[in-house]
Each structure stands twice: as structure tokens, then as C-alpha cells.
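Since the structure of chain W is provided, determine the placement of chain A on it from the hints.
Chains W and A, in that order, give the protein sequences.
Here the numbering used here is used: position 24 in the first sequence is 24, and no number is missing along the way.
Here the numbering used here is used: position 28 in the second sequence is 1028, and no number is missing along the way.
Watch out, some of these pointers could steer you wrong.
To be verified - Rough simulated footprint, nothing fancy, chain W against chain A, three-plus residues with beta-carbon under 8 Å:
1. 1013-1023
2. 1074-1083
3. 1090-1098
Simulated from the structure, these hints should not be mistaken for laboratory data.
Where a beta carbon is used, it is the ideal one built from N, C-alpha and C, also for glycine.
In case you want the letters, here they are:
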Amino acid sequence: MSKVVIQADDVFKKYGSRNAIQHLNVSIPEFSVTAILGPNGAGKSTFMRMITGMVKPSAGNLTVLDQTPAWEVNRSIAYLPDRARWYGNHRVGQAIEWATNLHPGFNAERAWELMKSFGLDAATPVEGMSRGQEARLMLALCLARDVPLLVLDEPFSGIDMISREKIIAALIDSFSERQQTVLISTHEIAETESLFDHAVFFQEGTAVLSGDVERLRAERGSMQNIYRQLYG
Amino acid sequence: MHHGSFRYLIKHELAMGISRFYKKIWIWVYVAIILILAGTALTIWGGNDKFNPTYILFSTYMFPFLVFGISVKTLKREWEKGTYGWWLTLPYSRFRLLAAKAVSALIQVIAGYSLFFITVLLLGIYSFIIHGEGLSPIRELFATELQYAGILIGVSPFMLALGLLATVVRRSVMKPLTPMIWIAFGLFGNIFSWVSSFNSLSESGNSNGLISGSLPDWIWLCIIPVWMIAALLFAATVHVCNKYLQV
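Only chain W is shown next, with the shape it has when bound in the complex (with noise of 0.2 Å):
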């Protein structure tokens, strides 16, 4: 049984008098590339700004790298939010300086080399960039951290095939060459499905299926089969 990461226990968050998240039970291994499914609203972006302490809990407990979310902890997570935009006033250039002077375990020489795979130069500027270029070059911020944690909140959202291809590459290349426990939450399973050997599959704020991917594949068929199964 390996460590575990990030542990949810009967976990409730409430907005007003609707549970975003309620009973929440969930435990992602350590070094798993992780899953996190289901349909718009189903809690998935509250449960991973929760890890960031973001949010805080309305009532339960919640451990992640066996400590309580808060901007201590952030210094071991890379976390790309959900929706998120890029400063406009930067350059490539900058968002770099920017993360290697506020972001501990930033690796700036690797961040160059991403950047360079995703075809974004120094001087590229943000404003004017295309959604798919602003989300490659956030996504290699956050791949060129040095960090235990990798959260990613929907990084392929609204951008275009080829784009998309380049981050799973990049994706693949990351996860073998380093040891990270990274959570990935998408709507794109089909084309990410090569991804992940852990998921979980949320549904009104609660966690119905989760587990090792071989094994749900096993007793239920493909991710996308699951997904149908429960949502559909």
C-alpha cells in the first residue's frame, strides 16, 4: 500500500445553503498520476482549491502531504487554476522572472525548455496570445516546479487539438522523468485516458467511484464506459 497524499474525510463545503462538497471521502496515493472526473458542477475545482486552502473546509478533515491546507503547504504544490488567464502586461520573459522570484522550487533553466517545445519565445507577449498559447505557457510554469504536488484544474479547457497534444506530450515527458503525485481534472478522457493510473469520479460533491485505473478497467471497461455508466 503506498503513502498517501492528500486524504478527505467526511468533508463538507457549503455555499450559502448549497454543499459544494459533502461526505467527501477520497485518498490519492503518492507518485499516482490522478483522475479527477465527472460533470460540471459535480465539486471537482472546490475539492482541488480546498487543497490549496483556497477554500477552507465548511466542516471535516482534510490533509494534504500530512499537513492542513494553507499558503505553507502551497509551497510544495504547482496548482493551475481552473478558467485561470495569464498576467497581460507580461511577456514570456517575465511570467518566467515572475515565478522564479515568488514561486519556491521553480526551475527556471527547465521552464526555458518548455517554453521553447511550446513554440513561446522571451519576448512573446501575453496580450494577444491565443488561448491555447496562454495555456501552454501556464501550464510550463507549472510543470517546471520542482515540487511533491502537481494540481492541474482543467488544462485543456477551450483550447484546440494541437495545443492539447502538445500538453499531454508534455504531460507524458514530465511524469517519466520525475516522481510527483499530480491530479488532473478533464473532461477530455478520451484523448487523456493514457494518462492516469488513479480516478476518481465525483458527483454532486461526493465521490462515487474512485480507485486504480487497470483495476476499474478491469471490472467495468474503458474510463469513457465508466463515465457513461454514471453520468449518462
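Just chain A now, with coordinates in the frame of chain W:
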């Protein structure tokens, strides 16, 4: 702690704030037009107290409101531009993140004040020279400017902290407090009306709405409690950001 992170955060905030002005050429066109109009008015109507350069100081009445606006903008843009996720998950305390925004806003405000008062002084010098009024009115204008600057420096930390608080309260479960913040905004933003009202009642004051002579000491003594209230408002902003923010 990442070495120099606070200084870098301030630098980043300043770059974000100032880049807006660089890009908007129309702002500079307006500034140029206003300067040309003021210079022309002083050339034609200046001298013999017809158009005293001190009248330009009337525009300082809106400055406390502008400070509030700059403060709101520095925080609100994280949500408007979709960068709040990066900002809120930086591995630094909310106190540190908000303090960097407050310091950068304060630097912008002080730079703006300095630019304004130097420009008015230069216009005054120009007017007094071409109308042959000597050095005495220049000294008088400078003394009046110092009083305006003093009041602005006194009230600015309060308006700045209030702007930050207004922005986080609006995005928190404490949103119903917003009307109270707007009332404080209206009351304190109008500081020059209050000061000139008290001033016109005193012996040294005049009734044209401009501060003249020396303000009573108690007005200067009020600055310390106002700064203390500003510190409390900042602490409240950090607390709301830590506990009640809804993202």
C-alpha cells in the same frame, strides 16, 4: 521564505498599475490639454487675484475618492483579469499579499500627489513671474500646498484600506456590510469639505471653500487616530480574506 519576495510583489503590483497608464494614450492627451488650458488661463487672467493658481487646488477635493479607486482597482483586477487563482495560492500569507498591494497603491498615490503639487507650483511660478508679482505669493502657494498635501497624506491610508476592505467584503460572505463601507467612503472621501467648513468658521479661514491661513492643531492631531483606524481596516481586510472569502 523566498528571499526578496515582498519587494518583488510590490514591483509586480506597480508594473500592473502603471502599465495601464502607459497604454492609454488618451489619458496623456487629456493631461496635455488640461495643462495647456491652465497655462493659457493663467497667462490671460492671472495676476491681481483674478485667476489665482491656488484655485487649481480645488481639484484635490476628488483625490481621496481617487485613492479609494486605485486601491479597489489593485485588488479587483485579480478577479477581472482571471489571475486571482495564481495570486491567492502564492505561498505567502494573505497579510503579505495584501500589504504588497497596499504599499504599491500608496507609492502610486504619493507619486501622483507629488506630480500634481509640483505642476501646480510650476504653474504658479510661471503666473507670478509673467504678472510680476514677486516671491511672496509663491511662498504663500507653497504653504497652502503643504496643508493640502498634509491632509491628503493623513486621509489616504484610510481611503486605501477602505478600498481593499470594500473589494474583499464584496467577494465574501460578509457582502451585506458593503453599504456601510460606501457610507464611510462618502463621509471620509469628502474630507476637504469638512476641513474647509471648520476652517471657514475659524478666524484664519475664508469662505470661498479653499483652505487659507494655518489649520487648527487638532486637525493635524486627528491624523494619528485616522491612521490607527486605517490599520484596523487593513487587519479586517486580512481577516475577511483569510476566513470569509468566497472563490
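Open item on the list: Output the indices of the hints that this structure fails to meet, ascending.
Closed with: none
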